[in-house]
Amino acid sequence: MFDKKSYTLYKFHKQINQSFQNKRELLECALPALRDLFKLDRVYFFNWQQEWALLSLKMMCKKEYCMDMQEDISVANEPAFLRQLLQTGIAETTDLSYPALYVLIRWKRPSVELKSGEIRSVLREKVGVLRLERFRKNRVFTPAEIDLIKDLGKEISHNLYNTEIDQIKNQRLSMSTALNDLSTIFASSLRLNDGLELILKGVQRFFQFDRVHLYLTNSEGTRIKSVWGVDISGTVTQESGSSLGEEEKQILKEVFESSATYRARRSIVYIPLKLQRSKVGFLTFDNILSRRKIGYLDFISLQQFASQMALSIDNARLFERVQELSNYDELTKLPVRRYFNEKFAEEIYRSKRFGLSLSLIIMDIDWFKQINDNHGHQIGDWALKSVSKIIRSCLRQTDVPCRFGGDEMVIMLPRTNSEEAKIIARRLKERIHAITLPDRDALEPVHLSISQGIATFPSDGATVEALLEKADKALYVVKQRGRGDFAVYREVLDQLQPEPEEQPAVADKPKDAQEDKQLP
Amino acid sequence: MILWAMPDSGDQTKEDYATWVALFKQENPTVDLTVRVFTRNILWRRIFTLKGPMHGEEMPDLIQIPHYWTALLVKAGVAENLSQLDPGLSLASCLLPLKENCYQPGTKDLYSYPWWFDLSALHYRADHLKMVTDHPEEDLKTWQGLLSICAALREKFRDVPGYYPMQNSDWRGSLSMRSALPCVWSRGISFFTEDRASSLIGTSGFKEALRDYVNLALHDYMPILRERGSLGTMVSGKASMMISRKQGISTFGARRGGRVRTVPVPATGEKSCAYLSGMNLFINAASQHKQDALKFIKFCARPDMQLRYANMVEAFPAFEEPFEQFIASSSRLPIYKGILSSARTLPNMVIMGTVMEILKRVLAVCAEQIVENRFTQASLDRELEMTAKEIDYLLSIYKG
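Those protein sequences? They're chains A and B, same order as listed. Residue 515 in my numbering sits at position 515 of the first sequence; the count goes up by one each step and never skips. My numbering runs 1000 ahead of the 1-based position in the second sequence.
These are calculated hints, taken from the structure and not from any lab test. Since the model is a prediction, treat every value here as computed from it, not as a measurement. Any given hint might turn out to be false.
[As the list claims (entries may be wrong)] Using 16 Å as the maximum straight-line C-alpha spacing, the simulated EDC-like pairs for lysine to aspartate or glutamate come out as follows: (1) B/Lys-1399 - A/Asp-231; (2) B/Lys-1051 - A/Asp-231; (3) B/Lys-1337 - B/Glu-1324; (4) A/Lys-293 - B/Glu-1324.
Let the sequences and hints guide you as you build the complete structure.
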């Protein structure tokens, strides 16, 4: 059979022994329960910042409701009060003119310690203080009430601990789910840029950081190659890396040497992305604007996430490298025909849909066979590399050059009519002509030259085959005229002989043996 | 619809909001309105989580904010463009100093709407000051005059336990940047250079201005980190003066305590300057009840409601006509017309809220040091220099 005290304790226990989302919810239940039980006028809950002997008011409960409050009270100059509260867990006020009782509440809260770069989870003691007030009828607290209040304080401590643990478990679960989702998205996206944008936005949104930045470095971790960022509005930016000052190099070194670093009163976190064999980069998360501290749970979760991210970025980089190797010609670094055909299909579709013009230039290096024969294949390769370098530097970002085979190259110029294509062709002609072969044995400098034929969509055809065929015919006229120049198909129609029969497609057409007979 | 609001009336906040909601619902019976009250601290943290709420988390439709947060909310993309929502919404009749902080900086797009505002002033008990001076208003024109009166009052009331010449009006009972602002501006100092590219917080003028204010606590003329209302209040006769907003008078029940008079905050420099603090409302860009929220904004901006709410929370209406009526309603109020003409407000910049948070921390450290007898001017100066660098860095990231 229960005595009265036990029964009160039991009832109180039943009332507050629930699963609360957070400390606030628990207090919103416990403070009114205390108020009703002891017929209090007000109940307050303070956080105790022990190092400053400061009571920070967090919540007040009066007649019918609880309310967040904010007030700091220093008890540094009240040693007797402090001693009594710490020793007995309960103390009566020294300040107020009515009965008020302070009750110490202690509970453990999972926390984090950083020691030489290592993170350790620890249970840190938290201290709170309840203040119970009766100011209306100045009714003092009886010894029996004080005794009961002490026990109820312990019950609240116990529930605060449980709530903290539950809260952390829930947070971790929800974080793991979110990070798992993000990692899955990232891992399934082999295109680095698409994946990074998704992941950075997701991390920012989930953890509610002001900003997130990803610095991608070279594999030695000594140079920043590019920087991705998401700002407070959720806008994603990408910048190429710049050369680093000594201070920045030092920071980079520190970041890679540690496992993770807190900065600026825990409002910034740096986390390195590294694999066993190489460094990938590092992530920074900041709450500089909002001044919110980055919690240790977030800190630990982000670390776990970072290792997955490093692996995924490395995979994506490898994939991109493989893609690059299969899409680009190794000698000239120009795209190969397969890549060109894909791009052409996309561009011709766009041009048809929006009524845009598109031009093709087909070109080859004049007397290329003779260059190889007379100066050697090394010089021939050098000539190809030099010409392709000029091509890459002369074109716009949207233009697509391609090595079609041998010394034959094709350039696709989206949104370009024949007049604009001629400007580009002239520029190429002039710049390539400025190249001289690096042959020390040659008696006088040998200049390179190219011949170019131009065809334009829609006037000259609507398929890659048709356009290439027309461009090739224009190129033929140029060669007939003596090479080193360019021609537009429409403008040289009269110089072309009527076709006796269907010509083979340019891709299959054997190179005209006459073309490469000899240098003039 | 959910409104996140701040405790405008101290302990009476819940009751006041209940009345206000009832009035709104009389006119809009179909709109369901719930008010959640948060302290400024909590609200500051929570506005940063508006964009990415946790699963099942309750999100507000309408939020009350200090006026100088507007630019930040626009930058964060959480505030609805009110000009787009209702092109007819205008600030034509709004008091001039309140207008700038409602727009996205550099545009004419409204993102928050004024609700009410308050002005800082010095309030004093005439009966107390009569004991130490024949010309209180003249003596209280300068900061030096204020300190002299504090010294005289301290001596006069030396036998009264718990007496302080100044009551601390800070909500937290600490040192408050909002109370220190008139000292800064009165010296002709600003927070930023004219082009807003760098901070002036580390300059000697700013340091001296803060020193003026901190002196009140340092000389033990004003209690800090003591329980609000436990000692040094004007109503109990244990304080004689208070620098606060008009609301402070009602919050601490000082009006009942005797003949309280109001004068401009004593000048630390050439002329007195008051701090004008506005309270605005903005609509959460992610709200599903934007039209209802707009109804509430318009309800609060209506002249009769402006007057009513200002009376309720003891602040000022934000629009011209109700403001004039409010001022004319009591002989104690016309002084505020002069105070308003010399008032300044914080600039509408993305980092302004952060700057105030940083300075709040600086003053909190300062208060702890004073209580523990560890305070030195050099330590405050050093803190302000570091703060200036921090703010310059913020300016380099968040322009405008």
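Taking the hints in turn, this is what the structure says about them:
no. : hint                    : result
1   : B/Lys-1399 - A/Asp-231  : 13 Å, holds
2   : B/Lys-1051 - A/Asp-231  : 12 Å, holds
3   : B/Lys-1337 - B/Glu-1324 : 9 Å, holds
4   : A/Lys-293 - B/Glu-1324  : 45 Å, violated
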